[in-house]
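Peer 1: The residues making up each chain are set out below.
Number of protein chains: 2
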Amino acid sequence: MAKAPGLKDVAKAAGVSVATISRLLNGSLVLPDETRKRIETAIRDLGYVPNPHARRLSRGRSDMIGLVIPDIANPFFAMLVAAIEEEADKLGLAVSLNATLNRPGREMKYLGLIEHHHVDGLIFVTNHPDDGELAGLINRTGKVVIVDEDVPGAMVPKLFCDNHQGGYLAGKHLAEFGHKKVVFVGGPDEMISTTRRHAGLEQGLRERFGEEAEIKRYRGEYTVTAGRHAARRFLDEKLPATAIFASSDEIAIGLIEVLYSEGVSIPDRVSVVGFDDVGPLHLFTPPLTAVRQPVRAIGARSLSLLLQTDWQQPETLEREELLPVEIVVRSSVAPPAIEKKRRS
Amino acid sequence: MAKAPGLKDVAKAAGVSVATISRLLNGSLVLPDETRKRIETAIRDLGYVPNPHARRLSRGRSDMIGLVIPDIANPFFAMLVAAIEEEADKLGLAVSLNATLNRPGREMKYLGLIEHHHVDGLIFVTNHPDDGELAGLINRTGKVVIVDEDVPGAMVPKLFCDNHQGGYLAGKHLAEFGHKKVVFVGGPDEMISTTRRHAGLEQGLRERFGEEAEIKRYRGEYTVTAGRHAARRFLDEKLPATAIFASSDEIAIGLIEVLYSEGVSIPDRVSVVGFDDVGPLHLFTPPLTAVRQPVRAIGARSLSLLLQTDWQQPETLEREELLPVEIVVRSSVAPPAIEKKRRS
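So the sequences go chain by chain: A and B.
Heads up, the first sequence is in UniProt numbering, so the first residue is 1 and it goes up one at a time.
Heads up, the second sequence is in UniProt numbering, so the first residue is 1 and it goes up one at a time.
For the record, the hints were derived by calculation from the structure and aren't laboratory data.
Check the hints yourself; a few may be wrong.
[What the hints assert, rightly or not] Straight-line distance between alpha carbons at most 25 angstroms, and here's what the computed DMTMM-like set of lysine to aspartate or glutamate pairs gives:
{"id": "1", "chain 1": "B", "residue 1": "Lys-143", "chain 2": "A", "residue 2": "Glu-40"}
{"id": "2", "chain 1": "A", "residue 1": "Lys-216", "chain 2": "A", "residue 2": "Asp-189"}
{"id": "3", "chain 1": "B", "residue 1": "Lys-109", "chain 2": "A", "residue 2": "Glu-34"}
{"id": "4", "chain 1": "A", "residue 1": "Lys-143", "chain 2": "B", "residue 2": "Glu-40"}
These numbers were taken from a predicted model, which means no experiment stands behind them.
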């Protein structure tokens, strides 16, 4: 079997440097038509197929990173992908994006992209509980940065928003308006996004009201459907709180939709605080107060973590980095309805 | 050079069928831990690297398709990607997603994925004008389905929403409320989405008002920023129309944001109709009337076009398929302000 033609052979045939071809192929260079066509002809004539093992830029950096996310239909993930794409583009890196639909089989497969050297590192986002299998594979694979939700037991760099702080800011804001009884609509119980936001909310409320503070926890998923279910439960239970902390944009959308259709006015009857703030919440009726995730910063930092980590020094690897969040105050929080009644 | 190990060698070493490994690798099969580990060990021991040329399911179908889109941060594209992912998953196909950020260099590169057999077909979305170079490369490459916007001169199957019908439905709806003067906020002039929606709008208005109908055309991009610019121009020109047709969700968001902040009430001062309807427009103040794109249908059909087309019969290839749109009537259109004044 003859040796497969390499980048050097193509460069020689086209009369250009290896770096020029490499940059043309990764899209970071636009060449005059005539030069580009000469290179394309050389590639075709030689039957050159880029070899994933050889796909490296100068200074030993890879030109392709992988990005694994659960679901692109969720605007938070879509914005995160866009932020990573933009940052990667600045660095001349291509991104191979893979959606897992939260299927463990797909996650395992995409981790295999590293083992098979099709990408040189992965930014990995999952949001379902792991029985240890995923963590094991990640530890064996290496060159993985875990973003947004934890995979417990994985010994790789991890980057999250400061979920506890986000919950705390929501709780403090609600407490300032006099809300003691709050319904927390979270995602799956095992996820750090849910447990930490819940703990932060509790701290924010207890700082002001101590044992009087009362949090009811609705478990669910980060979806519009789960938001609708939570609203129906809230109505079935005859409004068991004066405020709701909806822990994602998607949950807030489903929740508000049902509250409206049932004539429950926000914030007159119930106050609502959201989380994510990637959708057009400022145009809602009323504009929704929400904790804002630093999506661009998460995108940029996850990429720099992947590129700057010294993967040869496993003992330096495990560390958790938190990016700060802020609360964007709009008009969906008012004093509890019961307070207003007493005053009038 | 020794022959590289193939799927058959792995299957033999692991004591399973080739089909089992193929399905495990493409994520469509979950195996007992013990079996999976045996296969993984065999893959590692043999140093097996999946060969893109050999990556085929039974019946000659590829297991990896490519999807090229301009920008994942635009929710319309994010939803389109999700629709294609979901459909691909049902068929046991993996999707390699690539964002071009509208850079021709990146588009050329991803078309190269087919030439290099890394994917077995591409669903291709672009939204910038082409000087013929892209069309030429697409024609040379084959196995490309063009979706959402045209690449003139490309002789491959094309799938669009019925843009003309969408514009017509918006125009008819506005005309029914008595609007004769309408501002059309479009994307780039050369794009069929803009020219066809504009022509449809004109037909809808002229059917009722003939030569009295007056359309002012604002050129721009399908972005929130362009929507903001359009609103400022509309204000600078002292409200030159009684209604605005904003030809994307993103444009509508930027437009409404500025109109609000300047105290221009919708629909009391100006009526607005949007296009896309993928965002939570039903929660806006007021809920926004919009033409809805059939995103799921576009996703499913673009995949079936790619899989069902007989690529060996070039003469049967070129055809344009349109998917119907509908108008979702909410509360952002009312009779023109001037009419209301006369009546009261």
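Peer 1: For each hint given before, does the structure comply? Return the numbers of the non-compliant ones in rising order.
Peer 2: The structure conflicts with no hint, since it agrees with every one listed earlier.
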